Amino acid sequence: MYQTRPWQKVLRYFTIIIVSIMFFFPTYWMITMSFKPKGEWNSAAGTIYWVPQNPTLDNYKTVLTEYRGQFFRANQSSALPSIRSSIVVSIGGTLFALLIGTLAAYGISRHSTDTGDLPWYIAVGRLGLLVLVMLPFIVLWARLGILATWYGILTFTIIGIVADQIIGRVLGKYYKGAVGSLSFSILQLRMFPPMAILIPVMIMWSTFRLIDTWYGLVIVYGVVTFPFVVWLMKSFFDDIPKELDEAAVVDGSSNWRAFFKVVLPLAKGGLASTALFVFILNWSDFLVALLLTSRNWGTIPVFLNKLVSSEIGAQHGPKAALGLLAVIPPVVFGLLIQQYLVRGLTFGAIKK
Amino acid sequence: MAASTPITTKATPGSANRRLRWIDMNNTRTFATTLTLPAQLVLLLIMIFPLLAVVYISMTSWSPTQGGDWTQAYKFWDWGRNYVEVFTDPFFWQALGRTFLIVGIAVPLEFLLGLGLAFLFLEDFRGKRIFYALMLIPMMIVPAVAGYMFWMMFQSNGPINAVISAIIGQPFTLAWLSSEAPATVAVIIAEVWQWTPLMFLIMASGLVGLPEDQMRAATMLGASGWQKFRYLMLPMLKPIIIIALVIRGMEAVKIFDSIFLMTAGGPARATESLSIYMYKVAFQQVRWSFAAAAAMTVLVIMTIIASYALRPLQAPQREAQAAMRQAAETGAAGSD
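Keeping their order, the protein sequence lines are chains A and B.
When we follow the working numbering, the leftmost residue of the first sequence carries the number 2, and every step to the right adds one.
When we follow the working numbering, the leftmost residue of the second sequence carries the number 36, and every step to the right adds one.
Keep in mind the hints are simulated off the structure, nothing from the lab.
Please note that a few of the clues may not be correct.
What the hints assert, rightly or not - Estimated spans, in silico, between C-beta atoms of each pair:
(1) A:Met-23 x B:Lys-110: 55 to 63 angstroms
(2) A:Val-11 x B:Leu-256: 46 to 54 angstroms
(3) A:Trp-151 x B:Leu-72: 18 to 26 angstroms
(4) A:Val-11 x B:Ala-201: 41 to 49 angstroms
(5) B:Phe-318 x A:Val-125: 23 to 31 angstroms
(6) B:Pro-125 x A:Phe-25: 36 to 44 angstroms
Treat the numbers as computed from the prediction; the structure is a model and nothing was measured.
Just so it is clear, CB atoms sit at the ideal spot from N, CA and C, and this is done for glycine as well.
My request is simple: use the sequences and hints to build the entire structure.
Right, dumping it as structure tokens:
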């Protein structure tokens with residue numbers, strides 16, 4: 002559909018090759034680094050080794066086996082536990098996010114007049130009122146000494162939810178627009194700097210003994226990525242004609258059946274690409290895992306950050322090797338669902 | 036859940052519940068509530084306590100080093116002093132400005148590169164699949180690893196300087212990561228490298244999705260390439276462009292991993308983004324109450340930005356609803 006002249010073709014090839022080289026170079030550097038022996042990591046002597054002179058698999062061995070010699074201090078273990086925990090928490094977090102996110106997206110898509118339109122002064126004002134109401138409670142709870150117990154947190158949260166609902170109603174009496182919006186809150190959650198949520202989550206998690214457990218991490222991953230699921234899945238559900246599930250319901254199937262048997266199979270592709278995105282988000286997280294794990298469930302990025310030995314400094318080679326190994330799961334996942342990807346990537350903005 | 040409840044039935048007045056006003060009544064109430072309930076609960080459970088805990092800590096001068104549990108923080112109560120400190124802390128505002136500077140340069144750059152690449156990849160050519168795959172690799176690489184790779188490559192005797200030396204023909208030994216402006220450039224390059232592929236993918240799938248017959252018609256009518264782009268493709272791509280920019284912008288303001296590993300916010304504070312700033316305050320200076328106040332301030336700022344930034348995303352939905360309402364009204368007026 003687009004005609005091109007020969008010189009344009011040449012120019013295009015030229016540009017594509019240049020750009021590809023530029024974009025591939027860091028990856029290339031990583032790949033070669035993972036095969037370089039220790040002496041070639043640094044270019045301190047002024048020579049840069051563009052290609053490993055003496056390719057070796059030592060870096061992979063270092064990462065994958067319990068290595069107690071040259072590189073690590075005696076008690077360092079291999080990267081295998083961190084690979085295991087990365088896989089467990091990423092999949093767990095993705096499933097959790099998909100579960101609550103897909104349901105919410107369907108609910109918002111089908112049953113809601115919520116436009117997500119919320120003026121900031123209402124959002125901030127509501128929060129401010131909640132803080133004003135709840136601050137005495139939190140101080141009281143602290144003085145009673147029950148703030149850091151599970152029942153203290155539970156009762157406090159329940160009071161908070163009730164207070165929030167009351168504030169919403171009172172505000173609704175005086176303000177004509179929407180005073181609360183689920184889809185706004187969900188998207189807002191995605192915009193917060195992680196540090197803003199992580200400090201209190203650390204406190205809460207240590208109370209509930211969730212620090213350094215896989216389920217603790219799964220919950221946090223699910224919560225921080227489910228907005229993404231809601232957002233993407235809503236656009237896919239919006240594309241499926243409402244009449245389909247309505248017809249199913251009229252024909253006597255239950256709402257849940259209509260959702261699982263009619264709507265969800267149609268949104269299969271969207272679900273697959275959403276799952277990939279969420280998986281990549283969880284898989285590449287560093288900060289959350291850094292703060293919420295210690296010994297047992299540190300993920301790959303956390304382990305990478307620790308790959309420094311006091312004797313010879315940063316472990317360039319093993320780091321590159323592990324980084325390269327970490328590329329495999331998302332790539333495999335991506336290849337598995339390749340056929341759905343392109344459609345999923347337009348975020349539902351372009352209708353076929 | 037009554038299986039055969041006709042979906043058009045109005046809910047019985049007795050069950051009217053003002054709390055659930057955001058639920059449209061064209062389906063069983065309980066079903067609609069159940070669908071969003073997990074999300075609501077998770078939001079409330081994860082938001083209410085942590086949020087109020089942050090506010091509580093921010094109103095005191097407590098920090099872990101001061102001894103005592105955080106629950107004992109009320110003993111160090113000092114009202115809003117932390118907030119005053121945040122507002123008068125130049126480093127906070129610098130970090131905020133720096134974050135927006137990095138986002139403001141990196142995201143448009145990612146977008147332009149992605150769009151340009153998408154055009155280059157529009158037509159079939161030999162080796163397209165291979166180049167396509169090559170372009171997508173950065174997306175799959177864990178940002179922490181990427182940050183680390185860039186840290187190595189930007190060393191003064193690293194490969195990037197070697198390439199530049201080869202091009203300009205004389206030794207080039209800029210210590211990228213330990214001088215201010217180059218460090219920022221390096222951080223932006225890493226960010227652009229990591230996320231251009233996503234932009235490219237989105238734009239490429241957007242371009243593929245454009246109606247082909249309209250393009251052909253425009254070509255037959257003698258439209259130039261630029262005209263086709265400006266008056267046909269750009270307007271049709273607009274929604275997807277907005278979505279891509281907003282999504283990337285939202286994610287980019289949280290930038291942490293790559294900076295943390297490349298420069299840790301340095302040299303001095305030259306690349307200190309908001310996330311890095313808060314990390315330093317909380318975990319290096321161990322001023323938790325101050326960090327909590329900064330977190331609350333950022334939260335309010337982000338809420339304000341979110342309410343504007345998200346508007347373009349909701350525009351199509353609002354239009355659709357307006358159209359539906361109008362259709363319903365005219366339909367109601369037309370029948371009987």
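Hint check:
1. A:Met-23 x B:Lys-110: 55 to 63 angstroms: About 57 angstroms separates the Cβ atoms of Met-23 of chain A and Lys-110 of chain B, which means 55 to 63 angstroms holds.
2. A:Val-11 x B:Leu-256: 46 to 54 angstroms: violated, 28 angstroms
3. A:Trp-151 x B:Leu-72: 18 to 26 angstroms: Check passed, 22 angstroms falls within 18 to 26 angstroms.
4. A:Val-11 x B:Ala-201: 41 to 49 angstroms: Violated, at about 24 angstroms.
5. B:Phe-318 x A:Val-125: 23 to 31 angstroms: holds, 28 angstroms
6. B:Pro-125 x A:Phe-25: 36 to 44 angstroms: holds, 41 angstroms
Hint check: violations occur at hints 2, 4; the rest are consistent with the structure.
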